[in-house]
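Given the coordinates of chain A, assemble chain B onto it according to the supplied hints.
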Amino acid sequence: AQSVTQLGSHVSVSEGALVLLRCNYSSSVPPYLFWYVQYPNQGLQLLLKYTSAATLVKGINGFEAEFKKSETSFHLTKPSAHMSDAAEYFCAVTEGGNKLVFGAGTILRVKS
Amino acid sequence: DTEVTQTPKHLVMGMTNKKSLKCEQHMGHRAMYWYKQKAKKPPELMFVYSYEKLSINESVPSRFSPECPNSSLLNLHLHALQPEDSALYLCASSQGPGGYEQYFGPGTRLTVT
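Going line by line, the protein sequences match chains A and B. Residue numbering for the first sequence follows the working numbering, beginning at 21 and increasing consecutively. Residue numbering for the second sequence follows the working numbering, beginning at 265 and increasing consecutively.
Calculated directly from the structure, the hints in this document are not laboratory data. Be aware that one or more of the hints could be misleading.
[Unchecked claim] Some chain B residues flagged as far from chain A (calculated, every beta-carbon gap over 12 Å): (1) Q270; (2) M279; (3) G292; (4) N339; (5) A344; (6) T377.
[Said to hold, decoys possible] Below, a list of computed lysine-lysine pairs in the DSBU-like style, where the Cα atoms sit at most 35 Å apart: (7) K131(A) / K305(B); (8) K304(B) / K89(A); (9) K286(B) / K78(A); (10) K286(B) / K304(B); (11) K304(B) / K317(B).
For each residue, glycine too, the CB sits at the ideal point set by N, CA and C.
One chain only, chain A, in its complex shape (with noise of 0.2 Å):
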């Protein structure tokens, strides 16, 4: 069964240093694997996906993570953390199915 850990219930980073949120997966088969952010009060936003065409995806707002299948991972990373990027993260997989399974969600906290 597919399955998601999402290290680090709360991440503090100060403005200009770098976002690193860790995301572990299970999947029996090649998983489809998604970032999603959420803002206070709003519905969640897709900010990037990984579908086996390449193992270093670019999202939007500057956000990229890297798939790692020998570590069963998909980090997502940013350079540089702009205020605007306080928010909860979600990682997400799929086997390719209609279920997508969430992980517990990381609150990003941003320092000026």
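Below, chain B alone, put in the same frame as chain A:
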């Protein structure tokens, strides 16, 4: 355009009321979803419609009744809800089944009194 719209934005209802949540997309997507999200938790899948047919029901209580009138619309009918049903209800759509990304609406904040 990757927009999914939901109405109403907020809803307060008593435990004996009947109300409906509405969701619409005009992206030509053939799969639509209802999720429930409690505070500080990830979204939980409730229902999936694929090509206008209910394909997944995650053992949701019968007081929640989904409906898909056509490929662009998805409704969630609510009746005799409990206070613990208070949550953010999110609608999403995707091109189809098979690993496509899902696009989410802004949600309906439901409070059951």
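Hint-by-hint comparison with the structure:
no. : hint              : in the structure
1   : Q270              : violated (8 Å)
2   : M279              : holds (24 Å)
3   : G292              : holds (17 Å)
4   : N339              : holds (17 Å)
5   : A344              : holds (26 Å)
6   : T377              : holds (19 Å)
7   : K131(A) / K305(B) : holds (23 Å)
8   : K304(B) / K89(A)  : holds (29 Å)
9   : K286(B) / K78(A)  : holds (33 Å)
10  : K286(B) / K304(B) : holds (24 Å)
11  : K304(B) / K317(B) : holds (31 Å)
Hint check: a violation occurs at hint 1 only; the rest are consistent with the structure.
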